[in-house]
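Chains as they are written, first to last, in UniProt numbering: chain A, 1 to 374; chain B, 1 to 374; chain C, 1 to 374; chain D, 1 to 374.
Please keep in mind that the hints were generated in silico from the structure rather than gathered at the bench. Among the hints, erroneous ones may be present.
[Unchecked claim] Here chain A is said to cover these stretches of chain B; the calculated rule only asks that three of the stretch's residues, wherever they fall, bring their Cβ under 8 Å from a Cβ of chain A:
| # | segment |
| --- | --- |
| 1 | 14-24 |
| 2 | 53-62 |
| 3 | 347-358 |
[To be verified] Below are the BS3-like pairs computed for lysine-lysine, each with C-alpha atoms no more than 30 Å apart in a straight line:
| # | chain 1 | residue 1 | chain 2 | residue 2 |
| --- | --- | --- | --- | --- |
| 4 | A | K247 | D | K288 |
| 5 | B | K225 | B | K247 |
| 6 | C | K143 | C | K45 |
| 7 | C | K45 | D | K302 |
[Said to hold, decoys possible] Covered stretches of chain B, as calculated for chain C (at least 3 residues, CB under 8 Å):
| # | segment |
| --- | --- |
| 8 | 104-118 |
| 9 | 260-268 |
Every residue gets a Cβ at the ideal spot worked out from N, C-alpha and C, and that includes glycine.
Protein chains: 4
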Amino acid sequence: MASSYDQYREDMLGRANVADTPELIAYYKRLQALGTGALWTVANKIEPWEPVSSSVPMLWRYQDLRDDVLRALDLVTPEQAGRRVVYLENEGRSDVVAAVGWLYSGLQVMAPGECASSHRHSASALRFIMEGQGAFTNVDGHKMTLGANDFVLTPNGTWHEHGVSEDGTVCIWQDGLDIPLMNALEANFYEVHPDLNQAVSFPVDDSTATWAAAGLRPAGQSWSKRYSPLLKYEWAPTYDALTRFAKVTDGSPFDGVMMDYINPISGGPVMMTIGASMQLLRPGEHTKAHRQTGSFVYQCAKGAGYSVINGRRFDWRERDIFVVPAWMYHEHANASQTDDACLFAFHDLPVINALGLYREEAFGENGGHQPLIG
Amino acid sequence: MASSYDQYREDMLGRANVADTPELIAYYKRLQALGTGALWTVANKIEPWEPVSSSVPMLWRYQDLRDDVLRALDLVTPEQAGRRVVYLENEGRSDVVAAVGWLYSGLQVMAPGECASSHRHSASALRFIMEGQGAFTNVDGHKMTLGANDFVLTPNGTWHEHGVSEDGTVCIWQDGLDIPLMNALEANFYEVHPDLNQAVSFPVDDSTATWAAAGLRPAGQSWSKRYSPLLKYEWAPTYDALTRFAKVTDGSPFDGVMMDYINPISGGPVMMTIGASMQLLRPGEHTKAHRQTGSFVYQCAKGAGYSVINGRRFDWRERDIFVVPAWMYHEHANASQTDDACLFAFHDLPVINALGLYREEAFGENGGHQPLIG
Amino acid sequence: MASSYDQYREDMLGRANVADTPELIAYYKRLQALGTGALWTVANKIEPWEPVSSSVPMLWRYQDLRDDVLRALDLVTPEQAGRRVVYLENEGRSDVVAAVGWLYSGLQVMAPGECASSHRHSASALRFIMEGQGAFTNVDGHKMTLGANDFVLTPNGTWHEHGVSEDGTVCIWQDGLDIPLMNALEANFYEVHPDLNQAVSFPVDDSTATWAAAGLRPAGQSWSKRYSPLLKYEWAPTYDALTRFAKVTDGSPFDGVMMDYINPISGGPVMMTIGASMQLLRPGEHTKAHRQTGSFVYQCAKGAGYSVINGRRFDWRERDIFVVPAWMYHEHANASQTDDACLFAFHDLPVINALGLYREEAFGENGGHQPLIG
Amino acid sequence: MASSYDQYREDMLGRANVADTPELIAYYKRLQALGTGALWTVANKIEPWEPVSSSVPMLWRYQDLRDDVLRALDLVTPEQAGRRVVYLENEGRSDVVAAVGWLYSGLQVMAPGECASSHRHSASALRFIMEGQGAFTNVDGHKMTLGANDFVLTPNGTWHEHGVSEDGTVCIWQDGLDIPLMNALEANFYEVHPDLNQAVSFPVDDSTATWAAAGLRPAGQSWSKRYSPLLKYEWAPTYDALTRFAKVTDGSPFDGVMMDYINPISGGPVMMTIGASMQLLRPGEHTKAHRQTGSFVYQCAKGAGYSVINGRRFDWRERDIFVVPAWMYHEHANASQTDDACLFAFHDLPVINALGLYREEAFGENGGHQPLIG
């Protein structure tokens, strides 16, 4: 029970500014006994002037993690562990097992010939392939073969399982999910597939053969689900699209040449609660800083550089992962003067937008670049 | 730091089931030092089979609270307190100042001649008038006069201020907001109006004169905002609509004769993140139990009865407030054999639906009625 | 076969301007033999600078028509005639049996105890009740009782039948349909109900009891059809809504105080191809002229006045019908200095809007009032 | 004036069946004088059981037309003619200059170094390149270079101009427009560009560089127009998409392997009033017959074969154009056992769908194949 109730006072009209008195404290205690409280004791706390994220900016270097990720192969079996995953834990979000905000991220490893059991859940999931040959995913019977930097969906409610073919190599990928959000919204359901593994019901890679045609869609096919029927976005055409786009655009001052992965049926985000993008920073490009509502998990897909997040510099190279918490200024720099650099990102902007909460603000001073702290 | 990592084991294929060993514990500690963890130590916790709400069912009796609400008139001034509000605190959600889930509820009191300063915020807000004469709200220049059981919106981003006219009486109303959700999503912004009070820019009650026409809308008026242009829903036509509807419908087995308040522009919910409804229980009606994703705050608007929530009975009468946490079975009973009873409710179903997370399940046993606990 | 091919020449760059020569005429004839033609011989004709409607403004006075409409009762039986209807024929549109543009209008008469057989068609239909007691319509099993100035839908594809109860009086109403448009689009299908008459499957007038609640809709009811579930719009609440709205609005300079009938599910037009509105002209009000794409059929529902359409004045009083062709200037005047006047209208704006073709232009000269012609 | 009014009688309940009598004929004449008529004299005509198109199936062989199209180069200058186009005239639609239904089609020819003046209109337009090098189109400042079988949009309301570069060859393409529909809806506006020619405001071919990326779209770019921002659909990736899709689909029984050109922003049709598709018939494929509401203009883009339309066979080879009127059965056959054949088509299905009028019916007898007539 609080001993002081007036710790959030602000001396400004329109804000709560009530000093504790013995009479008030007695009143507060009586309220508390009734399952209530006085709003003015907490109003300034729960109505801040602007968001202050409980997450902190962090970067995980792949070279620091890779050995321990591989080590999981020896330490646990897929049968015991379900999945062999090392998850990324934000210092400010360990209570909800989030990498940032309400987003989960983990590095999964699988050996050739292994295949995890099939399940489904309310959380939306994606994977971004980091290394290895022969990985595949089966989503509702659509089997997809996967290569490095491919981006794959396993949307909310779909049966899915992952594996690596017998003739493949050890594979590592990033799993991105919104498990923490589903738990926060108290809407998380989980099921194991009754047969543990599902059949391959369609020609392999039919999803891309059917839906990955620019400006075209199969005639007469209806799709009533609220996620993309295109389940795999391959690296080669993605990088090709960025380089073509780079020739006709100045790009965004904050993000360089950036494209969002979309649901070709709607033009909207790939899933209802997670969106994703790939951005290209031209040789030497250093973007200006801005801040946004929404949380972001980045992975370097190509090249090397650094990002400045709320005044701290984070250097990244291929396969490193870093996070930008909500409403924190961030800017990106390509460290090379000759090669481009690419950042993959996933985020919760579809949630933010669906609820009408998107805001964005440029960093106005210093030519748009944050002074470094410390 | 955890001393045991295997507390969530489940002995079932597809679930994590790894016993601690010295080698594994060493591994876990190394992961922790890297800002990471092993998913299988928490997987069963963060991927539960179904949601288990952290909120508990609660009921606040108006007769228990009314004196202390009125007492605030003497204890603090509007200038000090901002608003004189006693908020309802769910036992399981005191950390986020929520009545249930991510929803806030409070009882506000105002004396004749008072008017709070104008502000706006990312949270969506509503009020439901409980007692008194002469209350009014000004939303973006639209002033509305308010009577008992009127339901009023102060949507996300609108300047709003509340007051009671000089010739009125002390007024009490329920404030409903999604402040906790806005904070959880790290998207809560707050502003005090530069003039502290805003002008009345339109004829008083123009909102209802313009938009409260059934099956009609003003020609040639566009509306691009994502909340209802109809800002006040009066009690008399609402009750009239329910009684007319009751003559041609059997009603819902779970909710009796229920209507949702809607945005007449879209037919959808009144605001993007909060919905509301009014339901009528016929004399003697006792509905069957079901459970839903989404959290609900109810207020009895007429009559008396009780609800059974997860096996516990809560008796209510006019102006009492109670909450139903997500995924908890609930059923409602009208205690009178001669008069109908009405329940007002607000909830976060617009969020749940926008994100594709709605689920509903009937209580299948015992004729649909929960056995009482204890 | 044309003897002259150069009748549409215009002497302006960007327009076709080719004089006939013997060589060209020979060329044109050869093209004709191939099932082709030279665009420049018709380009200026088929690409006019702005639309020139083939309809003419017309007004039908009810007092001129009423006797002959009633006479149909003696001349033909419902069994012979299907329906006893006198249709309104625009001078410029007799080939397609339209009152204006692609809209059909007719006056239907029925005697007490009669009931027409049930049918359905691709055309969307409405009726506006002009006189008599006891009329009813059954739309897909929803029976509705009808009084003067009530507006009723029988949407595209619904089984419908009309009748007058035994204890009623002779009834006359206006039928409005888009039969001409359905024929033009070659999409008109017609079916007679297998039982000739359909059952009343729901409580009488359940449509209004369920859906005619301002700002409310039945909870949990889905509606996937693309027309309004509210099938009847009664006169009394419509007039009441207009008078309330009149107190808080200046109204439109072109249309006075006008409201559109809407689908409460979507806020959009009542049917996909026909919209409708009711407008109130205050005592002495004389609106300014404008022109719009789209065709309009008006019926005076209350009072008396006149409209000026493309410079010609048309005086109207209760129950008179007149039409405004596309892109013709029109303005309305209430002839009374003490009473308001009301005009009901239906139109094809839902078609025009769905195809992105809406345009509107004010008459800029003479204070917005057209000089009268002749 | 009609001498007989009973020519549409049908002897069936629910249909009009009134024989002329002297008394009725007198009545009809009186009605006529009042600008009215008796519905039962025309009801069966204007409410047919199903649509009967006024268009006839036709095929235009390119080898028959090519010489005369080229001849236009000598006969008229672009300045005189506006555009040098030989339009296709359906025997049943010469009054509205349509190739079928409300769709216009013409073959335009241009010599190297020519450029037509810029204009815009309410009609939506497309072109499908048939032969030649160096053609280009400028749409609202976006210049696009064009090759054979490329499909290009010039949407409703956009400034556009066409030309052939100095170093190109004579070019011929098909123009497809809905001029007849715009005239029928009395919504056709036309403007010549004030400068006669517009500037190239963006990098050449920026439209494809920006929008022709499968499953990707430029981040942060809004697009509020109701047509596709992707203005050019090139042949190579289209054919490639069809061959990839062919590997994982059985295709449609009626259309083989077919894809619709789409607006990548919405997943919907490329323009609001005209849609388009490309279909591939596998070697030896002969589809089954069906009929649809909506009118179709086909052009063979590759290979040779024939279509049977309402029982008549039409043989086609590369660049031939043929039309399928609304609600006529049609089936397609690839004449080759070794090569695939491709048909480009444009149609008014976006109109039909926007108005809720789509219907489709398979030919049920004879294994789905129409018996040939005559």
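Hint-by-hint comparison with the structure:
With 7 residues carrying a beta carbon less than 8 Å from a beta carbon of chain A, the segment 14-24 of chain B meets the three-residue requirement, and the given coverage holds. Remark: the segment 53-62 of chain B is confirmed as covered by chain A, as 4 of its residues place a Cβ nearer than 8 Å to a Cβ of that chain, reaching the required three. Counting residues of the segment 347-358 of chain B whose CB lies closer than 8 Å to any CB of chain A gives 6, so the stated coverage by that chain holds, three being the minimum. Proximity of K247 (chain A) to K288 (chain D) is assessed by CA-CA distance (about 46 Å); at most 30 Å being required, the pair is judged violated.
The hinted pair formed by K225 (chain B) and K247 (chain B) fails the criterion: a straight-line CA distance of about 35 Å is larger than 30 Å. With a C-alpha separation of about 49 Å, the suggested pairing of K143 (chain C) with K45 (chain C) is violated against the 30 Å cut-off. Straight-line distance between C-alpha atoms of K45 (chain C) and K302 (chain D) comes to about 35 Å, which puts the hinted pair past the 30 Å bound. Evaluation of the coverage hint for the segment 104-118 of chain B: breached, as 0 residues show C-beta separations to chain C shorter than 8 Å, against a requirement of three.
With 8 residues bearing a CB less than 8 Å from a CB of chain C, the segment 260-268 of chain B meets the requirement of three and the coverage assertion stands.
Hint compliance for this structure: hints 4, 5, 6, 7, 8 are not met, and every other hint is.
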